[in-house]
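Asks: Could you build all of it, start to finish, from the sequences and the hints given here?
There are 2 protein chains.
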Amino acid sequence: MSSNNYRVDLREFHFVLFEQLRLGELLGKPPFEAWGSDEVRMVLEETARFAREVLGPLQAVGDRVGCRLEGGQVYTPPGFKEAWAALSQAGWKLLAVSEEMGGQGAPRVLAAAVEELLSGSNTAFNMYAGLTTGAAEVIAQFGTPEQKERYARRMFRGQWTGTMCLTEPHAGSDVGAATTSARRMPDGTYRIKGTKIFISAGDHDLTENIVHLVLARVEGAPPGTRGLSLFIVPKWRVAPDGTRAERNDVEVASIEHKMGLHGSATAVLVFGERDDCVAELVGTEENQGIRQMFLMMNYARIGVGIQGLSIASTAYLNALAYARERRQGPSIRNWKDPTAPKVAIVEHPNVRRLLLDMKTRVDGIRTLIFKLAMHYDRAALLRGRDEQAAAYHLGQVELLTPIVKAYASDQAWRVCEWAIQVYGGAGYLRDHPVEQYARDAKVFSIYEGTNAIQALDLVGRKLGQAGGRHTQELFADIQRFVAAHRSHPRLGPAVGMLSAAHEALGGAAMQFLGWFGAGQMERIPLFAESFLESMSEVVVGWLLLEGAVVALDALAREPGREREFYEGKVCSALHFAHSVLSRTPSRIAALTAGDTSPLDIPEAGFGAT
Amino acid sequence: MSSNNYRVDLREFHFVLFEQLRLGELLGKPPFEAWGSDEVRMVLEETARFAREVLGPLQAVGDRVGCRLEGGQVYTPPGFKEAWAALSQAGWKLLAVSEEMGGQGAPRVLAAAVEELLSGSNTAFNMYAGLTTGAAEVIAQFGTPEQKERYARRMFRGQWTGTMCLTEPHAGSDVGAATTSARRMPDGTYRIKGTKIFISAGDHDLTENIVHLVLARVEGAPPGTRGLSLFIVPKWRVAPDGTRAERNDVEVASIEHKMGLHGSATAVLVFGERDDCVAELVGTEENQGIRQMFLMMNYARIGVGIQGLSIASTAYLNALAYARERRQGPSIRNWKDPTAPKVAIVEHPNVRRLLLDMKTRVDGIRTLIFKLAMHYDRAALLRGRDEQAAAYHLGQVELLTPIVKAYASDQAWRVCEWAIQVYGGAGYLRDHPVEQYARDAKVFSIYEGTNAIQALDLVGRKLGQAGGRHTQELFADIQRFVAAHRSHPRLGPAVGMLSAAHEALGGAAMQFLGWFGAGQMERIPLFAESFLESMSEVVVGWLLLEGAVVALDALAREPGREREFYEGKVCSALHFAHSVLSRTPSRIAALTAGDTSPLDIPEAGFGAT
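Chains as they are written, first to last, in my numbering: chain A, 1 to 609; chain B, 1 to 609.
No wet-lab data here; the hints were simulated from the structure.
Hints may contain errors.
Note that the list lumps identical chains together, so a pair holds whenever it fits in one copy or between two copies.
In the BS3-like style, the derived pairs of lysine-lysine whose C-alpha atoms are separated by at most 30 Å in a straight line are [said to hold, decoys possible]:
| id | residue 1 | residue 2 |
| --- | --- | --- |
| 1 | K336 | K193 |
| 2 | K342 | K81 |
| 3 | K193 | K342 |
| 4 | K193 | K29 |
| 5 | K81 | K148 |
| 6 | K193 | K148 |
Replies: Listed below in structure tokens is the structure:
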């Protein structure tokens with residue numbers, strides 16, 4: 001149960017960071033003066049070691065033992081508390097935090113890479129840390145100077161943790177329907193009353209305090225999301241000197257019994273049952289809650305994408321290790337000879353296809369997520385020097401965030417499914433890690449905004465943001481790549497598939513404009529997910545092919561050096577183009593054909609329940 | 001935990017059985033003289049009641065409590081023993097058993113429908129019964145008259161259960177590599193020695209005896225599958241008068257801890273550790289084991305298809321019930337108005353699309369499975385009167401079996417995934433049944449021959465069986481439907497999509513012939529699954545469209561009667577054509593393009609583990 005199943009191949013990280021995304025161009029320059037490529041490699045290696053040695057062995061323990069609620073207090077699985085102390089000690093959560101807040105000011109892409117290692121080795125455990133950083137960022141950005149000192153600083157260094165309290169029982173994804181109330185007191189504080197559900201890391205025994213960020217409506221505020229404000233609600237009130245004072249009026253009503261992520265406590269929190277839940281407004285202005293929460297939400301959405309990537313990657317590498325080790329059946333060339341020698345199943349063509357299906361998703365999604373993070377970093381580099389270029393990079397972050405969240409989470413589930421299939425019957429057993437990966441991963445497509453919400457965000461907001469400029473710039477980037485490599489001797493046909501899918505995608509975007517214009521609003525949510533999936537395939541296909549170009553260039557420079565690794569990159573891109581990109585236009589054609597059967601069917605026609 | 005979540009809509013059963021497949025043509029005629037449509041309906045209603053009231057409430061119990069192994073004996077979850085007694089008492093497992101064996105001689109399609117109800121309400125529980133019937137069929141077909149009396153008869157009526165012992169630790173899917181041995185004794189019995197794994201229902205406390213069917217190699221027999229014989233190994237030896245005698249030398253080494261199906265004991269069985277495992281050869285001839293086992297295997301493969309269908313159906317209906325009940329968010333028409341009334345989520349277009357995605361799979365796969373079962377029944381009706389027509393029907397059974405097994409199991413997993421998505425966060429919780437459905441369903445794509453094996457069976461054996469006649473006959477059936485309805489005023493465009501997919505499929509079949517001919521054997525397993533999925537879509541699309549024709553005919557005859565139900569059938573077919581069939585040709589194009597990246601990639605190129 002304490003065996004360590006976390007697997008990672010850092011060579012892949014180095015390829016994406018240094019060869020494809022050219023992180024080197026940023027290192028050593030402000031604001032990353034302190035960071036060179038040696039530092040980056042060292043952090044990756046040390047974090048990978050920590051992930052393998054400290055977090056990995058607690059992954060199955062977290063699943064089998066789970067969290068328990070006793071006397072209103074949640075207790076985490078054995079070993080989590082010590083791992084938390086070690087993680088805070090190591091300081092990797094401070095990597096990309098500003099130096100002003102006690103951080104190390106590293107590029108965000110390094111923080112994303114480190115996050116993959118921490119999350120992949122123990123998703124449930126890393127939930128406590130991930131949400132804390134997100135909540136601390138909100139306070140650091142929108143809080144008063146006192147709040148930054150009192151809360152954010154302690155949270156960044158892991159002394160306290162944080163949560164995000166949005167969802168209410170009756171409202172679900174309809175955040176604007178929240179009824180949790182805030183009453184303004186003469187001393188400037190507020191009293192919160194209401195119930196929040198699905199609160200990840202909502203309670204635990206890892207730290208001495210927990211800082212809840214709670215969306216609530218100040219009495220008299222407008223309805224919908226515009227009337228929501230964001231509040232700091234510490235589990236234990238904080239004395240003026242920063243020490244822990246008496247308990248606040250927030251109670252854990254229950255924790256959920258889930259399909260997976262048993263090591264992460266998902267709590268129902270009741271605020272103000274005794275009318276004594278003391279809260280501070282984040283910053284000084286009411287009704288800014290949604291805007292403030294969205295900073296954390298966007299952070300969390302990228303975090304979910306990283307969760308998906310990280311589980312997919314270790315699921316893939318575990319399946320690969322199993323396929324290399326497990327000998328079964330003769331080679332297909334000797335299929336009629338019962339005395340032929342048995343071979344490792346990695347030699348069977350259908351197993352190779354499954355493995356390459358997985359590798360393409362893992363490689364492509366890692367490149368996408370690292371690229372998104374580097375858009376932040378390039379913007380930081382350009383800020384004050386070239387605002388227009390910086391705006392381009394920040395626009396890409398906006399546009400790519402829903403794609404990262406939805407595509408990485410959907411594909412993680414798919415990759416886990418394939419990994420189980422490679423293991424065969426063994427994959428269905430708890431003896432191997434992949435069934436837990438699947439159970440843990442299922443929620444990624446649901447929380448932090450279901451993937452249906454992501455698709456609406458993409459189609460309804462991001463496509464047309466800044467007058468459509470972010471989209472046009474992305475499309476132009478892809479178009480430039482296509483133009484440059486369409487006649488590539490080896491990759492040309494695959495680039496042609498990218499081009500066809502890309503063109504079809506442009507047509508689909510116009511189709512949505514048409515539906516908006518004609519007021520055919522039902523079509524938008526009907527086809528938004530199909531659009532998101534298609535756009536994800538185009539973007540990932542482009543990045544994989546770009547990686548193949550980089551790989552072939554490296555081979556051309558030094559033939560023979562790491563030939564197998566670089567050929568792997570090329571085969572990954574070709575396989576994605578042939579098996580996925582070649583089919584993207586047919587999904588888009590179905591979208592633009594606009595079949596409305598799901599709207600037309602009479603409700604009773606779905607059947608009797 | 002004892003709440004009953006099983007849902008079924010018998011109206012759908014009646015439509016497929018009586019309206020689309022015209023079961024009425026068979027009823028009342030030999031060998032089904034005793035069966036009229038009233039009897040069929042009554043059996044369905046009573047079984048559905050039993051499934052809801054007796055088995056359904058034990059579904060979650062089986063998952064939470066599971067089986068335990070104590071002192072070499074497996075104990076099933078609370079309630080299973082009583083349910084077994086009630087099931088045997090009710091006699092539904094005897095429905096399609098021959099009257100000679102004490103059965104009721106009902107059409108197989110009724111047995112398939114009943115199986116859906118029993119399996120859907122409690123998959124784990126029904127494993128014990130399903131395997132018993134399969135093992136009893138083997139003995140009834142191939143056993144000596146004494147074996148039929150002693151074993152099969154008791155098994156059919158539920159007094160003893162049966163198992164199928166194929167898999168060995170080192171061999172997995174490579175059945176011919178089995179090393180379990182059988183030594184011939186002077187008295188005509190054998191002594192078995194070896195270990196078998198993944199034995200479903202391998203031990204339990206439901207009945208007083210268990211009859212294992214064990215594949216083993218008689219000393220001196222040839223290697224590979226041709227040298228395997230099938231043996232009867234009772235857990236308790238049987239005295240000449242049929243009563244239980246002393247314990248046989250077969251021990252439960254362990255039971256597996258699985259992702260799901262916790263109520264079904266999956267055992268590692270050790271035969272002959274004390275060299276005293278007494279066995280009887282099935283029948284009188286050695287080296288017939290594979291042929292004999294294949295009867296059970298084919299039975300079991302159709303059974304897995306029914307398991308997939310049954311879980312998909314109840315998952316769908318539970319998601320539908322939730323979507324009708326759960327109110328969240330305003331209608332898309334009022335999306336900008338925070339004060340607009342909340343609607344049930346079944347009104348949201350993306351939820352409707354997910355629900356219709358599920359309904360198409362459930363409707364289509366039920367029709368496919370019932371059709372396969374009715375091919376048996378039509379063959380039974382024709383036997384002795386028109387052997388050529390009977391051969392057509394039995395040929396379709398052969399051809400469709402791998403499709404039923406693989407497509408139903410793959411789609412069950414997909415439907416469970418969508419069901420969880422409809423529930424949102426609630427779907428990830430044990431409070432609702434869908435997460436268990438997903439965990440239970442995952443193994444369907446693996447056991448009784450992985451879906452990769454099913455695809456090889458289809459492409460390597462079934463396509464070319466009887467000189468390709470079964471395939472040609474199926475294709476001709478579809479072609480006739482296309483010709484008859486291509487100009488249908490409402491369904492015509494969808495029939496055109498079926499036609500295009502069907503034509504492409506024919507091309508792909510030729511492509512495999514070409515690869516076989518050219519000795520390009522690696523391509524076969526590389527693309528077999530893609531072919532199977534494409535062929536499944538064509539067959540299911542055809543049956544859904546046929547159902548739509550039947551539904552529209554019914555509406556034309558009596559406008560207004562059950563309009564919503566029949567419109568549901570039409571929308572289901574249209575949606576499948578637009579969202580699935582329209583994309584089938586692109587998958588086939590990728591297949592025939594024959595990208596070999598998964599073969600070309602150097603093994604090291606997959607990455608470092």
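Asks: Looking back at the numbered hints, which does the structure fail to meet, lowest number first?
Replies: Hints 2 and 4 contradicted; others consistent.
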